[in-house]
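Asks: Sequence:
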Amino acid sequence: MASKLLRFTRILKNGTVFYRFEGFENVDSRWELPCEYLSGLHFAAWNGILLYSDGKNLFSLAQGSELSESAYSELLSIVDKGKGRLREIRSRNSF
Numbered sequence: 001m002a003s004k005l006l007r008f009t010r011i012l013k014n015g016t017v018f019y020r021f022e023g024f025e026n027v028d029s030r031w032e033l034p035c036e037y038l039s040g041l042h043f044a045a046w047n048g049i050l051l052y053s054d055g056k057n058l059f060s061l062a063q064g065s066e067l068s069e070s071a072y073s074e075l076l077s078i079v080d081k082g083k084g085r086l087r088e089i090r091s092r093n094s095f
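Numbering (my numbering), first residue to last: 1 to 95.
Simulated from the structure, these hints should not be mistaken for laboratory data.
Given the structure is predicted, the values throughout are model-derived calculations rather than measurements.
C-beta atoms are modelled at their ideal positions from N, C-alpha and C, and glycine is treated no differently.
Please note that the accuracy of each hint is not assured.
The following label-pair restraints were derived from C-beta to C-beta distances [said to hold, decoys possible]:
#, residue 1, residue 2, range
1, S77, K13, 20 to 28 Å
2, G64, N93, 35 to 43 Å
3, S91, N14, 21 to 29 Å
4, Q63, S94, 32 to 40 Å
Using 35 Å as the maximum straight-line C-alpha spacing, the simulated DSBU-like pairs for lysine-lysine come out as follows [to be verified]:
#, residue 1, residue 2
5, K81, K13
6, K13, K83
7, K81, K56
8, K83, K56
With the hints as extra help, turn the sequences into a complete structure.
Replies: Here it is as structure tokens:
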């Protein structure tokens, strides 16, 4: 599996740190992912937009969008956990 890459630029606005989303590479399209994966915590690509979910809510992130430090940390956590979930699901479903 190719390494997933999310690109962010750290910016400072009025003394507060934000992260500007610059784009992504090697993120699977939601159409290529198992339904089981999409039903919980996950991240995927769709029409150049990064979609991610904490398992309850679905969020979208377009190029140029800015995230607070806490939202950025949450996204990175979702990506790490999502990679593990996807590996587990794919290994369980492979024959």
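Asks: Let me make sure I understand: some of the numbered hints might not hold for this structure. Which ones are they, in numerical order?
Replies: 3
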